[in-house]
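Peer 1: Sequence:
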Amino acid sequence: MRIDVIANTRARRYRARPALIDRMAAACAGGAELHPTSSVAELADVCDRIARRGTDLVAISGGDGSFMAGVTALARAFGERSLPPLALLPGGTVATVARNWGMSGDPAALLARIVRDHRDLRSGAAVRGAVRRPTLRARATTRSGVEERIGFIFGTGLVASFFDVYYERGGDGYAAAARIVARVFVESFYGGACARRVLDPLPCTIEVEGRQLAPRAWSLICSSVVRDLGIHMRVTYRAGEDLDRPHLVASALPPGGLGPRAPLVLAGRRIGGKDHFDDLVRDFTVRFGASTSATSLDEGPYILDGDPLRASEIRISAGPSIDVISLRR
Numbered sequence: 274m275r276i277d278v279i280a281n282t283r284a285r286r287y288r289a290r291p292a293l294i295d296r297m298a299a300a301c302a303g304g305a306e307l308h309p310t311s312s313v314a315e316l317a318d319v320c321d322r323i324a325r326r327g328t329d330l331v332a333i334s335g336g337d338g339s340f341m342a343g344v345t346a347l348a349r350a351f352g353e354r355s356l357p358p359l360a361l362l363p364g365g366t367v368a369t370v371a372r373n374w375g376m377s378g379d380p381a382a383l384l385a386r387i388v389r390d391h392r393d394l395r396s397g398a399a400v401r402g403a404v405r406r407p408t409l410r411a412r413a414t415t416r417s418g419v420e421e422r423i424g425f426i427f428g429t430g431l432v433a434s435f436f437d438v439y440y441e442r443g444g445d446g447y448a449a450a451a452r453i454v455a456r457v458f459v460e461s462f463y464g465g466a467c468a469r470r471v472l473d474p475l476p477c478t479i480e481v482e483g484r485q486l487a488p489r490a491w492s493l494i495c496s497s498v499v500r501d502l503g504i505h506m507r508v509t510y511r512a513g514e515d516l517d518r519p520h521l522v523a524s525a526l527p528p529g530g531l532g533p534r535a536p537l538v539l540a541g542r543r544i545g546g547k548d549h550f551d552d553l554v555r556d557f558t559v560r561f562g563a564s565t566s567a568t569s570l571d572e573g574p575y576i577l578d579g580d581p582l583r584a585s586e587i588r589i590s591a592g593p594s595i596d597v598i599s600l601r602r
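Per our numbering, the sequence shown runs over residues 274 to 602.
Please note: incorrect hints may appear among the correct ones.
Said to hold, decoys possible - Here are the simulated lysine to any residue pairs, SDA-like style, with alpha carbons at most 25 Å apart:
id : residue 1 : residue 2
1  : Lys547    : Arg406
2  : Lys547    : Ala490
3  : Lys547    : Pro581
4  : Lys547    : Gly443
5  : Lys547    : Pro536
6  : Lys547    : Ala466
7  : Lys547    : Pro533
8  : Lys547    : Arg601
9  : Lys547    : Arg484
10 : Lys547    : Pro488
11 : Lys547    : Gly464
12 : Lys547    : Gly446
13 : Lys547    : Tyr510
14 : Lys547    : Thr415
15 : Lys547    : Pro474
16 : Lys547    : Leu516
17 : Lys547    : Arg511
18 : Lys547    : Asp596
19 : Lys547    : Thr558
20 : Lys547    : Ala448
21 : Lys547    : Gly444
22 : Lys547    : Val432
23 : Lys547    : Ala433
24 : Lys547    : Ala449
25 : Lys547    : Arg452
26 : Lys547    : Ser599
27 : Lys547    : Phe462
28 : Lys547    : Leu486
29 : Lys547    : Gly562
30 : Lys547    : Leu537
31 : Lys547    : Asp580
32 : Lys547    : Gly530
Since the hints were derived computationally from the structure, they do not count as laboratory data.
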């Protein structure tokens, strides 16, 4: 069986421990081919070469942004209907998607196990432990044109504001994220500056399956194909129920109304409140700024798999379903 391993050497674990790439090479041990990459251009070239000669399994190692970039590049190279089975190996700061789908721990150890389990299988044989998983298609309109990516977790409003604060403070993983969440929760009861910065509604509109929702500013918009967004934040608690309909959760509540509802999120329950939206949807479109026009060029912030991006309009729908290896017992 032919196995290809794409490792983002700019991901946090690889930068912190340069010897990790050598351990990944050792884990391949003649049973897989390792492709270190450090740029989007290198990633695209590797995926094109893999697609031309064929493969049975592609493992991607990095953080959530690496998974998004890798799946996007593979979809372009192979075509969405011909994507090979995948393994997502944590190599970034958090790797939330990999954790949700049964991959946590040392990436070299996980890779060694995958290679060992598949070394003797003939080419074309079914990979072991693969589960059919959904993705998101994010089509963003920007001043420079239209960008389309295949990802897993989309958010704006408090999600984008939270990541602003998170990256300003070093972006140091779950512990740092938990401290910010705790501060925002406490401050939401008395209108503290950090809570207002993160939770104040963002001017934008949402159109769900062709129907525009009433509010013109939203404090939370989140759609995901995984249920735990990190530190047990189960905003999209129905994620993965339907391969063709991602879970969308949106709230227009002000800081004093939204912050105290954090325990509901931890419990994986509906946030509720005035103008709350919570359902599986085929597609939705977010437009930023005061204008509701589809031609408006006001750009707003959004997050896709931990990467901060900007667009005037972004349409989210189901992406291609993928077969992903899980080592969860």
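Peer 1: Check the structure against each numbered hint from earlier and tell me which ones fail, lowest number first.
Peer 2: Result: hints 1, 3, 4, 8, 12, 14, 16, 18, 20, 21, 24, 25, 26, 31 break, sorted rising.
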